[in-house]
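As given, the protein sequences belong to chains E and R, one line each in that order. For the first sequence, the working numbering gives the first residue as 61, with consecutive numbering after it. For the second sequence, the working numbering gives the first residue as 2, with consecutive numbering after it.
None of these hints come from the bench; they were simulated from the model. Check each hint, because a few of them may be wrong.
One-sided excerpt, in silico: chain E residues whose CB lies under 8 Å from chain R [claimed, not checked]:
hint, residue
1, 75
2, 96
3, 100
4, 108
5, 113
6, 188
Below, computed lysine-lysine pairings styled on PhoX-like, alpha-carbon distance capped at 20 Å [stated by the list, open to error]:
hint, chain 1, residue 1, chain 2, residue 2
7, R, 352, E, 117
8, E, 270, E, 153
9, E, 159, R, 352
10, E, 270, E, 242
11, R, 74, R, 112
12, R, 29, R, 123
Where a beta carbon is used, it is the ideal one built from N, C-alpha and C, also for glycine.
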Amino acid sequence: MSSLPGLFDSFDNLDQIDVGSLIPWIKNPPNPIQLENYLANRILYPQTMPLNEADIKIDLAILREVLRLNGPKKNQNGEMLGENPFLNITLRKIIIPDKFLQYVPNLTELTWAFVDGLLLSRAKEDFFGDLWTVIVSDHVDEIVGSILLPQFGSSSDVMDLNILGKGYKIKAGSLTLIPCPKDRCELSYKFSNGKFLGKEENAIEISGGKLGIMIDGRLS
Amino acid sequence: MYIPLRIRIERDIITRIYRSLTGTGQIKVSVNQEVAPEDIIGSSNSSAGFRVLNLANLLSVPPSETEKYLQRKVGQRIYKDELLAQKKDFLGRNKIVTSPADGILDYINPKTGELRMSFLPKKEDLPAGVYGIVEVVDEEKGMIIIKTQASLVHGVFGSGKLRDGTLNLIGKKDDFIAKSAFSSQYSGKILVGGSLIFKEAISEAISEGVKGIIVGGINAKDYKGMAGGHLSFPKKLDNDIGISIVCTEGFGSIPMGMDIYEILSAYDGKYISIDGNKAVIYLPSFESKSMSKIKNTSLGPITEALINHESEVTEMKIGLNVRVIGNSYSGEQGKIIAIDKSETVLPSGLKGTLITIETRSRKIQVPVANLEVIL
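All chains, please: the whole structure from these sequences, using the hints.
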C-alpha cells in the first residue's frame with residue numbers, strides 16, 4: 061500500500077482490528093458492515109480526512125484499538141513489559157506524536173484515546189502506574205500535562221483533590237480534566253476508601269501544561 | 002501542493018495478454034504466429050467446479066433427514082433440470098428441486114443438509130480474443146502469451162486469477178447487484194455491475210459459471226471471505242474462489258466511476274480478460290490495423306510485473322480530473338475548477354484546503370486530502 065501521511069500511517073495492522081471492539085467507543089455507531097467498510101477504506105486510503113464529527117469519532121475508536129493492539133504486552137503477573145513508541149513504562153510517559161494533532165486537533169480527546177488504548181487494561185495491583193506524564197513529541201518534546209489513575213476502593217469511593225488551592229471531588233468511575241497550565245502543579249488528595257501512589261492521603265507536585273491534569277477514575 | 006495520482010485507464014497500449022487452458026488439453030498455435038480474435042488457440046476438457054445446494058432449506062426439512070428425499074444416490078450422475086430431490090408436504094403438495102447443471106452428486110452433509118455437486122467436465126475452445134503475435138507457448142502450464150494492443154483498466158483491488166470471457170453489462174453504474182441478477186445465460190461471461198455486490202450474489206454467480214465480475218464496491222466482510230480473512234493489500238495476491246472480481250472504487254456501496262463505466266460499456270458483448278488479484282481488466286483492440294503497431298513495437302523481457310502506481314503524486318492545478326476518496330462524496334469524479342488560497346476549518350474540527358470540483362451534475366467542495374488525480 062502507499063505510505064501517504066495520515067493518522068494511521070504508523071500502524072501496519074489496522075486489518076487486525078475487530079470491528080466489534082470499536083462499537084463501544086462510538087456513541088451512535090453505524091452498523092458493523094458500514095463500520096468495517098469505513099475501516100477498510102481507511103486502510104485503502106490512509107491519507108483521507110474526516111469531514112464531520114461522526115467520522116472523527118470513528119477514527120478515534122480505531123486509534124484506541126490500534127494502540128491497544130500495538131501496546132505493551134503483559135507478562136504472567138499482569139505487568140506491562142517492553143517499550144513502545146507511545147509509552148515509556150520506565151519513566152511513566154505517554155508519548156503523543158505531534159503530527160497526530162493534525163488529524164485529531166483536540167488534545168484532550170486524543171489523550172483520552174491514548175489512555176484508553178494503552179492504560180485501560182493495566183493491572184491496578186501496585187501504584188507504579190498511577191501517574192503518567194503526557195508528552196507531545198516532535199523535534200522537541202513538550203510536557204503537556206499528567207494523567208492520574210487513582211485506585212478507588214469501591215464504586216462509591218470519592219477522592220478529595222485540591223489543585224492550586226481549588227477543591228474537587230473525584231468520583232469513582234468518572235473521567236475528569238482539570239486545567240493546570242503551569243509547568244509544575246501542586247496537589248493534595250485524600251480518599252475515603254482508595255489510594256493513589258500507595259497512599260490514602262498525600263501532597264505531591266506533578267507536571268502541568270496545555271493539557272492539564274486528567275483523572276481516570278474508572279474501576280478496572 | 003501535491004496530491005496522489007492514480008492511473009485508472011491506459012488506452013491502446015501495446016502489452017502482453019495471457020491465455021490459459023481451463024483444464025488439460027492442447028495448444029494449437031506456435032511462437033511468432035499471428036492470431037486474430039476468432040482464432041481458436043487451444044482446447045481443453047475442464048471441470049466447471051462445483052456447487053453447494055442447501056437441500057434442507059430448499060425442502061424445508063431437518064438437515065439429518067435431507068438424504069432420504071434425494072432422487073439420486075450420492076456418486077450418481079445427473080443432468081440439468083432432472084429431478085434432484087422431492088418431498089410431499091402435509092397437504093400432499095410436492096416440493097421439488099431440480100439439478101441446476103450437468104454434474105455428479107459428491108456428498109451430502111447430514112449436519113447442514115448441504116449437497117455438494119461437481120459439474121461434469123466439458124470441452125472448451127480457447128479463442129485468441131485479440132489481434133496479436135504469439136510470444137510464448139507453455140504446453141506444460143497450458144498457457145499462451147500474446148503481444149497485443151489493449152486498453153488496461155486498473156481497479157482498486159480484487160480477487161481471483163486471470164480469466165477470459167465476453168463482457169456483459171448487467172446494471173447501471175450505481176445499481177446493487179443482487180443474487181437474482183445471475184442466471185445460466187451468463188455462464189462463461191464477465192459481468193459489469195454497479196455500486197455493490199453481496200456475498201450471496203457472488204456465490205450465485207460462481208454457481209452459474211460466471212467467470213468475472215467488475216463492480217464499484219464490495220463489503221469488507223465479503224472481501225475478507227475471498228481473501229483468506231485479511232484486509233491487507235500486498236503487492237502480489239494469489240487468491241481464487243472460482244471467480245475473478247475487480248472492484249473499481251473501494252469498500253461499501255460506491256457507484257462505479259464514469260470513466261471506467263464508459264469504457265467498459267463500449268466493450269459490451271466483446272471478449273476481454275480480467276485479473277482479479279492484480280485488479281486489472283484487459284480490453285483488447287478489435288481493429289485489425291492494430292497489427293502493424295503490434296509488429297513494430299517491442300516490449301521488454303517478460304517478468305512478473307507488479308503494478309504499483311499508488312505512490313505517484315502530481316502537482317495540484319485547475320483543470321485536472323480528480324476522484325473523491327473520502328467518506329463523503331465517495332467515488333465522485335470531476336474537474337478541478339478552484340483551489341482555495343487558505344485553509345478552512347471543517348465540521349470535524351480539522352483544517353484543510355478546499356478544492357472546488359465540477360462533476361457532471363453539480364459542484365462540490367472537498368479537502369485536498371480526500372482527492373486523487375485520475376488518468
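Next item on the list: Could you work out which earlier hints the structure fails to respect and list their numbers in ascending sequence?
Entry: Violated hint (a single one): 6; every other hint is consistent with the structure.
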